[in-house]
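Participant: Following the hints, position chain B against chain A.
Chains as they are written, first to last, in our numbering: chain A, 4 to 392; chain B, 4 to 392.
These are calculated hints, taken from the structure and not from any lab test.
Source: prediction; values computed, not measured.
Careful: at least some of the hints might be erroneous.
Identical copies go unnamed one by one, so any copy, or any two together, can satisfy a pair.
[What the hints assert, rightly or not] Only pairs whose alpha carbons sit at most 35 Å apart, straight line, appear in this in silico DSBU-like list of lysine-lysine: (1) K358 - K333; (2) K193 - K135; (3) K330 - K233; (4) K358 - K162; (5) K352 - K188; (6) K333 - K190; (7) K330 - K193; (8) K188 - K333; (9) K16 - K333; (10) K352 - K190.
Number of protein chains: 2
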Amino acid sequence: METINLITPHGGKLVNRVIPENKREQVITESKEMSQLKVNNEVIEDLYNIAHGVFSPLDGFMNEEDVLSIVKNDRLANDLPWTIPITFDITEDIAKGYKIGEDIAIINGEEETIAILHLEQIFDYDKKAVAKNSFQTLDLAHPGVEKVLGSNDKLFAGKIDLVNTIIKDFEQYTFYPTQTRELFKEKGWKTVVGFQTRNVPHLGHEYVQKTALTMVDGLFINPIIGKKKKDDFLDDVILGAYDVLINNYYRNDRSFMGILRTRMRYGGPKEAIFHSIMRKNFGCSHFIVGRDHAGVGNYYGPFDAHHIFEKFPDLEIQPICFRSFFKCEKCGGVVNDYTCPHEGTEHQKMISGRKIRSMIVDKQLDGLVEYMRPEVAQYLIEQNELFVK
Amino acid sequence: METINLITPHGGKLVNRVIPENKREQVITESKEMSQLKVNNEVIEDLYNIAHGVFSPLDGFMNEEDVLSIVKNDRLANDLPWTIPITFDITEDIAKGYKIGEDIAIINGEEETIAILHLEQIFDYDKKAVAKNSFQTLDLAHPGVEKVLGSNDKLFAGKIDLVNTIIKDFEQYTFYPTQTRELFKEKGWKTVVGFQTRNVPHLGHEYVQKTALTMVDGLFINPIIGKKKKDDFLDDVILGAYDVLINNYYRNDRSFMGILRTRMRYGGPKEAIFHSIMRKNFGCSHFIVGRDHAGVGNYYGPFDAHHIFEKFPDLEIQPICFRSFFKCEKCGGVVNDYTCPHEGTEHQKMISGRKIRSMIVDKQLDGLVEYMRPEVAQYLIEQNELFVK
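The shape of chain A in the complex, shown without the other chains (with noise of 0.2 Å):
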């Protein structure tokens, strides 16, 4: 059989920061014995992520150098290429409490062990100046900013051990980096396209991954799951979406859906480029990056997210970038802005989200089919519950 080397990881491995199941009885022992450290969700998916390899080469949460390279150059402090920092804020306060050098027990709200944080550093950050490195605004409206400027004065850093992965929902959709590449590799992909989602998909969605999709082997559909803003459609609504689509309109030969444990930040080009690099771990040697990628509001022109992957030579997974798509009555079917010539109204019909989400509530089904495939129409208009409260 050929061997399949699929992309390198960013930083030349993936990262492994999972505690071996023979080891894992001590250390939880080991682990009541030191000080306690009881973490939010946003946290633990973070631990989650960097064990798993889904942050590589990052190994625990980042120092201070890492957090001032990437503010200066967008780079780590090894010049890997890295844009948004993952770090851990904690109240002066609490910070009180640890010490540097000390093993610290992270705990969930369940009071279970999820991780051991070896504290290496505790430092102040210039918030102002990491929001401004990440969203180019300070505006306190941009959910972004409002989170960084939010958050707590001191930072931890330091290497992480993972005890347990506590999966409650989703778990059939649960894969991290060594999982998609065994998948992978099984199904005889050397290059496969990242698709990065956070709504229910529609024509364009199916227009942009299949065009995609036929410049290599395989397309993973990677839907974030996590916190995003109030009226986003709910993660369960996404991926029932998906799978209706998947399984009437694409090859489980050539497609595969799995999900990315993350909180959207709304950061535009600079998301983008941490978005690929998660795809990257996860064996994807391409990304597509769409229109307004990850952006919100007004903050980002359209192809920001594109141009920015200039800046990055030595990335390695490669964008597919995408401008705007429409459906056009006269060339049939969904084009875009460079092959179809007939514009104006008469024939273009633009693809709204907006459009097809007031649809969706007033159970249009037959305008939705115009921008939708009817069986992701249907169960849409089935659910009781769609958006995020």
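Facilitator: Here is chain B on its own, set in the frame of chain A:
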């Protein structure tokens, strides 16, 4: 204005072996004193392509070292990729009339001086080895094999200088690399995909071209004009059909048609590399390689012309490879074997060139519009002469 750097020509710079205007009269006068050699149209096409840089870095007809190197390595003696020898064959009798070192005036059927050949070498060559390397068969039923094995026994090698470029037909479609590169820059294209064709365009061709165009700045439709097989479409029918398609369905700021005058070799994978090198010289960063590209009969596997590109990592122009495409009534429109799961003839309809030909001949507009734009189909059924006789 932004400086646009198109792909570097093959070997580093465009060859220009056209005698400058201010020296032309003098060279023509001198040529009257030289030995004369009357050649056919194919040799003249080669002379134009050498002199105008289409065959860069070739500055004349190949010598023995290059021919042997191609047969052995698919590279010129200087290691640059090159798969199809560009040679000038001559009978032994005629060859006796010329001496190495002399300048020969190359004339056409109308006794016009076309070029000066600086004869550097006269050599025998192993026709079977050349044919076998180019076509991977020695079957005389293969039109390329028949041509090589039936060629004259001696080869003339030497640099050429072009005196006259006589364009008698399709002048408005005739562009050489300096011109296409200027045009691409004027349009603001940094990346351009070249499309080779010798057929009238159906929906599958449009699908392939527009899918590739989605990934780059511009599309260069580049039909091969020149000697073809009996029953191939006539050159002016191909160009006329494309004009109709482009005028109705393509953006003129994103697409451009110019011709390439050279004969088809039907060399499959080896010709795909040769085709891509010429398009690189025209300024194309990408080149569309279809199923059984430049194939004939069943001499090549359907994807041999895709795989061969892996042997030339230094080619620089990037292939965009397409497998099979067909219409799917369930997907809607043209799809491919990676994107459509609806196997079986219930939904999938092959786009058969043979079927389209017979519908054109029978003037079946209703049937044709399933596979062609109606304007193109209408144009074709209105033509009196369609095929090479």
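Participant: Indicate, hint by hint, whether the structure satisfies it.
Facilitator: Against the structure, the hints come out as follows:
In this assembly of identical chains, the alpha carbons of K358 and K333 lie at most 35 Å apart whether taken from the same copy (22 Å) or from different copies (25 Å). When the C-alpha separation of K193 and K135 is checked against a cutoff of 35 Å, the pair qualifies only between copies, where the shortest distance is 32 Å, while the shortest distance within a copy is 38 Å. Taking the shortest alpha-carbon separations for K330 and K233, only the intra-copy value of 29 Å comes in at or below 35 Å, while the best inter-copy value is 41 Å. Taking the shortest Cα distances, K358 and K162 never come within 35 Å of each other, neither inside one copy (46 Å) nor across copies (66 Å).
Proximity of K352 to K188 under the C-alpha cut-off of 35 Å is restricted to the inter-copy arrangement: shortest distance 31 Å between copies versus 40 Å within a copy. When the C-alpha separation of K333 and K190 is checked against a cutoff of 35 Å, the pair qualifies only between copies, where the shortest distance is 25 Å, while the shortest distance within a copy is 38 Å. For a Cα distance limit of 35 Å, the shortest separation of K330 from K193 qualifies both inside one copy, at 32 Å, and across copies, at 27 Å. Proximity of K188 to K333 under the C-alpha cut-off of 35 Å is restricted to the inter-copy arrangement: shortest distance 30 Å between copies versus 41 Å within a copy.
Taking the closest pair of Cα atoms, K16 and K333 never come within 35 Å of each other, the shortest separation being 49 Å inside a single copy and 42 Å across copies. Taking CA atoms no more than 35 Å apart as the test, K352 paired with K190 passes between copies only; the shortest distance there is 27 Å, against 37 Å inside one copy.
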